[in-house]
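One line per chain: the protein sequences are B and C, in this order. FYI, in the UniProt record's numbering the residues of the first sequence are 1 to 275. FYI, in the UniProt record's numbering the residues of the second sequence are 1 to 296.
Treat the hints as calculated values from the structure; they're not laboratory data. Yeah, the Cβ is synthetic: ideal placement off N, Cα and C, and Gly gets one too. Any given hint might turn out to be false.
Here chain B is said to cover these stretches of chain C; the calculated rule only asks that three of the stretch's residues, wherever they fall, bring their Cβ under 8 angstroms from a Cβ of chain B [to be verified]:
1. 50 to 60
2. 107 to 120
3. 175 to 181
4. 201 to 207
5. 226 to 236
6. 272 to 285
Using 25 angstroms as the maximum straight-line C-alpha spacing, the simulated DSS-like pairs for lysine-lysine come out as follows [said to hold, decoys possible]:
7. B:Lys9 - C:Lys52
8. B:Lys266 - C:Lys78
9. B:Lys9 - C:Lys258
10. B:Lys130 - C:Lys52
11. C:Lys109 - B:Lys8
12. B:Lys132 - C:Lys258
13. C:Lys109 - C:Lys5
14. C:Lys109 - B:Lys266
15. C:Lys265 - B:Lys132
16. B:Lys130 - C:Lys258
17. C:Lys103 - B:Lys8
18. B:Lys266 - C:Lys103
19. B:Lys263 - C:Lys109
20. C:Lys220 - C:Lys78
21. C:Lys232 - C:Lys220
22. B:Lys172 - C:Lys8
23. B:Lys266 - C:Lys52
24. B:Lys263 - C:Lys104
25. C:Lys128 - C:Lys258
26. C:Lys128 - C:Lys232
27. C:Lys104 - B:Lys9
28. B:Lys98 - C:Lys5
29. C:Lys220 - B:Lys266
30. C:Lys209 - C:Lys220
31. B:Lys8 - C:Lys209
32. C:Lys104 - B:Lys8
33. B:Lys172 - C:Lys52
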Amino acid sequence: MGFAKEIKKWYFIFLAIWTLVADVPFLFMFFTSIKTQSELLEGNTWQIPKQPTVGNYSTVIHGSFFNYLKNSVIAVSISVILILIISSMAAYVFARMKFSLNNILYSLIIAGMAIPIHVTLIPIYVLTNKIKLYDTIFALIGPYVALSLPMSIFILTEFMREIPFELEEAAKIDGCSMFRLYSDILLPLSRPALITVGIYNGTYLWNEFVFALVLTSSPDKRTLPLGIWDFQARYGSDIPAIMAFLTLSLLPMLIAYILGQDKIIKGMMAGAVKG
Amino acid sequence: MQRDKASKLMQNLGILLFLAPALILIGVYIIWPIIMSFDLSMYEWDGVSPRKLYLGFKNWIDLIHDSIFWHAFGNNIKFIFLSIIIEMPIAILIAVMLDRGGKKFDAFKSLFYLPMLMSSVAIGVLFKYIYDPSFGLLAGILNFLHLDFLNQDWLGDPNVAFYSVVAVICWQYIPFYMIFFIAAISNIPHELYEAARIDGATQGQYFWKIELPLLAPSIKTACILSLIGSLKYFDLIYVMTEGGPSNATELMATYMYKNAFASFKMGYGSTIASAMFIIITTAGILAYFATKKKEA
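Just chain B, same shape as in the assembly (with noise of 0.2 angstroms):
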């Protein structure tokens, strides 16, 4: 839009300032973990690193980190597998068949968008317990499917809703199955919201705390939330070697974000659209 330059100059600088806002904890983090933790004790905090060190990165490499991003990487790509296939079943049956209980199943978990998370708690814990999968990752993956599912069957089905019937028709005529013709026709043609869907539940899943603090208590079979929880406490005076490990904890969302920049602030956008 045509605007005065001059406003525009105070427009630029305002932008500048909320830079240094958004972004500055991110240097500190930075150039703490390659301190020592000598420099850091003794000389200004926000001060540049004078002798660079990796000492702090070598120490988070040699304990557990790999581990904590192993089990993540497992736990995550494991939900976000089973979610698109449950969910895209579910979302085609809603939003391509004819059934009477159809509106008032969808309904039911639409609604299940609302539920706070924290009531199912105890419970689930209560749960995995019973059945024996406190502890594993596979205790994290129930929930973790189980609980993206209201919102990903939402955002699959409408979008199902709006792709032409008229594929479908002609291979019904040729006698298509219903199993082929979701896995021919519809998914491949749902694939953008696929997508999006994989990302939201992905970004999400990979930060989640709450049921991986609750169901899971050996470092072993802890996700990379946990780690950081689990290594700020085992070296709560050790700041450049935490700050390391959260530098390191930030990159793979840092090189995903790098890479699919639009793809994933339209995924994590995805929660919102319900309004």
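With chain B's structure known, arrange chain C on it following the hints.
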């Protein structure tokens, strides 16, 4: 006729097969837990021993007389108002400025989104050290600006801790609402701006008289998101203060967690969780109808 019936049956079988995984998981991990939560709220139970002691509504009566719960609830309410009045104006302001700047300002966006990439736990841990009164970043900045007298125990002082934590949560969520409003502004037809300019409207007039009213539905949606989010907030507060010092930053969710998983009062924890369910569902329904009415 016979064949019709058979194919109808096949179709219903197919529907059942396709829905089964979703329905079973939702039943086991959402619907059953909600019922279970209300049921557990009637017991005294440590979560481990096989025996549960039935109390009837005693936990609920205790909850009504529990000043810490109401204090936590009050904090949730304070948190709702603070986050809305801090996050929304800043997010709208930044979104408007980015829009005015056009393509030239695009580089800012990526820089602004960065906090969204970090998990709440990581943000919590990071800001614990930023707030450290002796070697934290904030102390360093205040020292640099010769404002040392402002420095204090940001998370340790019960009078300050709540606001320190809310500031971090606003920092975390402003980028989210900013993107939200950037999307909303981009939906406003460009012609409106052109027309306003031809009519001699100033930028300020355009913002107050045209842009802001057109953004009203989005602002309402954002406020509802913020309201519901604030009622169930947990992660960052738990990481930074665990609800302390002396319950200064306690929210319903942290209080529930502490009762259930630190004190092993699963029954009372379930009562708090069920109360949260009632409060949040009511708020959600009210918000839904409040926005619905306007549309009709």
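>> I'd like to know which numbered hints this structure contradicts. Please list them from smallest to largest.
In response: 1, 4, 7, 8, 9, 13, 23, 33
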